[in-house]
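Visitor: These are the residues of each chain, in order.
Protein chains: 2
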Amino acid sequence: MTEPVFDWQKGFIVDFALTGGLSATAVSTRRTLSQMRGMFADSEACEKMLTSSDPVVYEFYELGAPENAGDVAFGTSVTYPGRVGNEYFMTKGHFHTILETAEVYYTLSGEGGMLVENPEGETAFFPMTAGKAVYVPRRFAHRTVNTGTAPLVSFFAFRGDAGHNYAAIETKGYRKLVIEGEDGGIRIINNPKWETT
Amino acid sequence: MTEPVFDWQKGFIVDFALTGGLSATAVSTRRTLSQMRGMFADSEACEKMLTSSDPVVYEFYELGAPENAGDVAFGTSVTYPGRVGNEYFMTKGHFHTILETAEVYYTLSGEGGMLVENPEGETAFFPMTAGKAVYVPRRFAHRTVNTGTAPLVSFFAFRGDAGHNYAAIETKGYRKLVIEGEDGGIRIINNPKWETT
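For the protein sequence lines, the chains are A and B, in the order given. First residue of the first sequence: 166, per the numbering used here; consecutive thereafter. First residue of the second sequence: 166, per the numbering used here; consecutive thereafter.
Heads up, a few of these hints could be off.
Note that the list lumps identical chains together, so a pair holds whenever it fits in one copy or between two copies.
As the list claims (entries may be wrong) - Okay, derived cross-link-like pairs now, SDA-like style, lysine to any residue, Cα gap no bigger than 25 Å in a straight line: (1) Lys358 to Val170; (2) Lys341 to Thr262; (3) Lys297 to Tyr245; (4) Lys175 to Ser218; (5) Lys297 to Leu228; (6) Lys297 to Ala182; (7) Lys175 to Ile334; (8) Lys341 to Ile178; (9) Lys175 to Gly349; (10) Lys297 to Ser193; (11) Lys297 to Thr184; (12) Lys175 to Lys341; (13) Lys297 to Gln174; (14) Lys175 to Thr190; (15) Lys358 to Ser188; (16) Lys337 to Thr314; (17) Lys175 to Arg195; (18) Lys358 to Gly250; (19) Lys175 to Glu287.
Hint data in this document are derived by calculation from the structure and do not stem from the laboratory.
Only chain A is shown next, with the shape it has when bound in the complex:
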């Protein structure tokens, strides 16, 4: 399969299946569990899982939007169901390099939420189900978390030059973790890596 050429100056069409999100023509970027070592709180559970398989945790589309303030980067994101220990599968998440740029996600299928935090330490978790749009404001790092049993699929759009800053959030991770409680319910708890430093 050859990745199609997208003409950002003349316009183009690209397909993302409703409601599965995958494209028949564009090529996705996949993140496997081994590429996310250290991002889940329970490292031991992660290593144990990796001895038997290396599942795709999520995939998304980067179509190559021009790094121009007038262009719009867009695509779909698919986060697969699963857990590492009691922590739900999630995306790496990132700040935008241009911190003062927002992003919108429109949920196409699945269940979960958007975990956000800003440099000042404000956090929130916005539930996502089909038909719900989540506005990630300027200055907020954001991570998709799948708390359900099917893929969590969303269509996203942000400014073409916003950029991705993964490093800033990778050292200690997010201030909050999204886990499955012993009663099977969803819990948002403090990340111990933030509490102990």
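With the hints as your guide, set chain B onto chain A.
Guide: Okay, now just chain B, sitting in the frame of chain A:
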């Protein structure tokens, strides 16, 4: 129904039904045929229709995104099926006030297309069906046209400060018209108002 308050600084969730596009909480802006007088080529057919009813031609959501280059305006657009004479129901369409800003539309249901043109006279028609995303490049006026029998629904996103310039395209309309041919097929023809001047 009270329109909910959207917090563009802290983030929020808003619902747009999959795949119908309408929100149970946000309030849409509706355009009726009488508000589009003069925009369809066949004025006589338009006036005749208006003697019996004033149908909603399309509706869309303006959630009040800050006019800030870092914010993202978004919502859904629903263009209803119908024709004025042989010309399909369509949105008014507009340039962005900041001409160098693009927009993306992700089609949720229905059939039709996006008619675009830039000030230099380049035109294109991008077909829209469920699952197709259309990239409207910087500098291009854009109008949604419903060529089917069900509502044409899409989710859109663009820069918060882009603005809408309706006037520039209202004098003579678009360079192209989208009509139903005598064989029932879709035709893109030259707009006589552009040819005769």
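Visitor: Each of the hints needs a verdict: does it hold here or not?
Guide: Now for the hints, and whether the structure bears them out:
1. Lys358 to Val170: neither (43 Å within a copy, 35 Å between copies)
2. Lys341 to Thr262: within (21 Å within a copy, 41 Å between copies)
3. Lys297 to Tyr245: both (18 Å within a copy, 22 Å between copies)
4. Lys175 to Ser218: The answer is neither: 43 Å in one copy and 39 Å across copies each exceed 25 Å.
5. Lys297 to Leu228: Both: 24 Å inside a chain and 14 Å across chains, each within 25 Å.
6. Lys297 to Ala182: Classified as both; 17 Å inside a copy, 8 Å across copies.
7. Lys175 to Ile334: Classified as between; 19 Å across copies, 36 Å inside a copy.
8. Lys341 to Ile178: between (38 Å within a copy, 19 Å between copies)
9. Lys175 to Gly349: Classified as neither; 50 Å inside a copy, 29 Å across copies.
10. Lys297 to Ser193: Both: 23 Å inside a chain and 16 Å across chains, each within 25 Å.
11. Lys297 to Thr184: both (13 Å within a copy, 12 Å between copies)
12. Lys175 to Lys341: The answer is between: 17 Å across copies meets 25 Å, while 42 Å in one copy does not.
13. Lys297 to Gln174: Intra 30 Å, inter 18 Å, cutoff 25 Å: inter-copy only.
14. Lys175 to Thr190: Only inside one copy: Lys175 and Thr190 sit 19 Å apart there, 36 Å across copies, limit 25 Å.
15. Lys358 to Ser188: neither (37 Å within a copy, 40 Å between copies)
16. Lys337 to Thr314: Classified as neither; 28 Å inside a copy, 53 Å across copies.
17. Lys175 to Arg195: Neither. Shortest intra-copy (29 Å) and inter-copy (30 Å) distances fail the 25 Å Cα cut-off.
18. Lys358 to Gly250: Answer is within: at 16 Å inside a copy they meet the 25 Å cutoff, but 67 Å across does not.
19. Lys175 to Glu287: between (40 Å within a copy, 9 Å between copies)
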